[in-house]
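> Sequence:
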Amino acid sequence: MKNLLPIFAMAFVAACHAGPDTSNADAVPPLEDSVAADVVPADSLVKPGVSAGAFVLGADAAPAFTKMGKPDSGDAAMGKAMAIWKTHGALTSLYTERNMGVDDTARIRMFRTTDPSYRTSGNAGTGAALADLTRSFELKQTAWYRAGADTIRVLTAPEGITFEVNQKMFCTGLIVHAPGADPSASYLPFLPGAVKSGPQQ
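Okay, so the sequence shown: first residue is 3 according to the numbering used here, each after it adds one.
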């Protein structure tokens, strides 16, 4: 028994200096870790009503097409155009407009993505829980659509950002648009099969 006392003593000292028990999934991380995790890189930072990374509302869309390459799909009519890219399982879409006869530059009017790397400074974006979104924004349902067996609600904030939220109450995509705009009311269907808010059939 006497031979075991030094071993117990060393184990006790080691435990005291081992730091917090990280096996508890509910443990709150140190403040400095939380702050670091909240920093969104500039190339994927979403600013409602303004931009998403390098995609700036009102800017010439040509550099965006150079950056993204040839779209995988899209549509165009009456000076309006929609381009869709598929990257690593995520969709990114741009809605552009030309003021034909006045300004032939295709300008970005809306940006949509399901890529979880695009987030606001408060970490609102794809994968975030609805409860977290409502801490940062006052959301109003403007439309809904079917996605397989799921029903996606389109929730819009007046600052110029819209979130698509599934039945499990998690964000599946976001849209950056002009403040006060309704992305489900675009000339070309920017959302897949969106129906304006009302009874869900």
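If you're looking for bench data, these hints aren't it; they were derived computationally from the structure. Fair warning: there could be bad hints in the mix.
Using C-beta positions, here's what the derived DEER-type ranges look like [to be verified]: (1) T68 to T153: 20 to 30 Å; (2) N125 to D152: 18 to 28 Å; (3) A92 to P65: 27 to 37 Å; (4) A180 to P73: 20 to 30 Å; (5) D152 to T107: 29 to 39 Å; (6) P43 to T153: 28 to 38 Å; (7) P181 to A56: 18 to 28 Å; (8) D152 to S119: 34 to 44 Å; (9) A133 to K49: 15 to 25 Å; (10) G150 to K49: 14 to 24 Å.
DSS-like mimics (lysine-lysine), calculated; alpha carbons at most 25 Å apart, straight line [unchecked claim]: (11) K82 to K72; (12) K170 to K142; (13) K69 to K88; (14) K170 to K198; (15) K142 to K88; (16) K49 to K69; (17) K49 to K88; (18) K142 to K198; (19) K82 to K69; (20) K49 to K142; (21) K72 to K88; (22) K170 to K82.
Since the structure is predicted, the reported quantities are computational estimates derived from the model, not experimental observations. Ideal Cβ placement from N, Cα and C applies to all residues, glycine included.
> So which of the earlier hints does this model not fit?
1, 3, 8, 10, 15, 22
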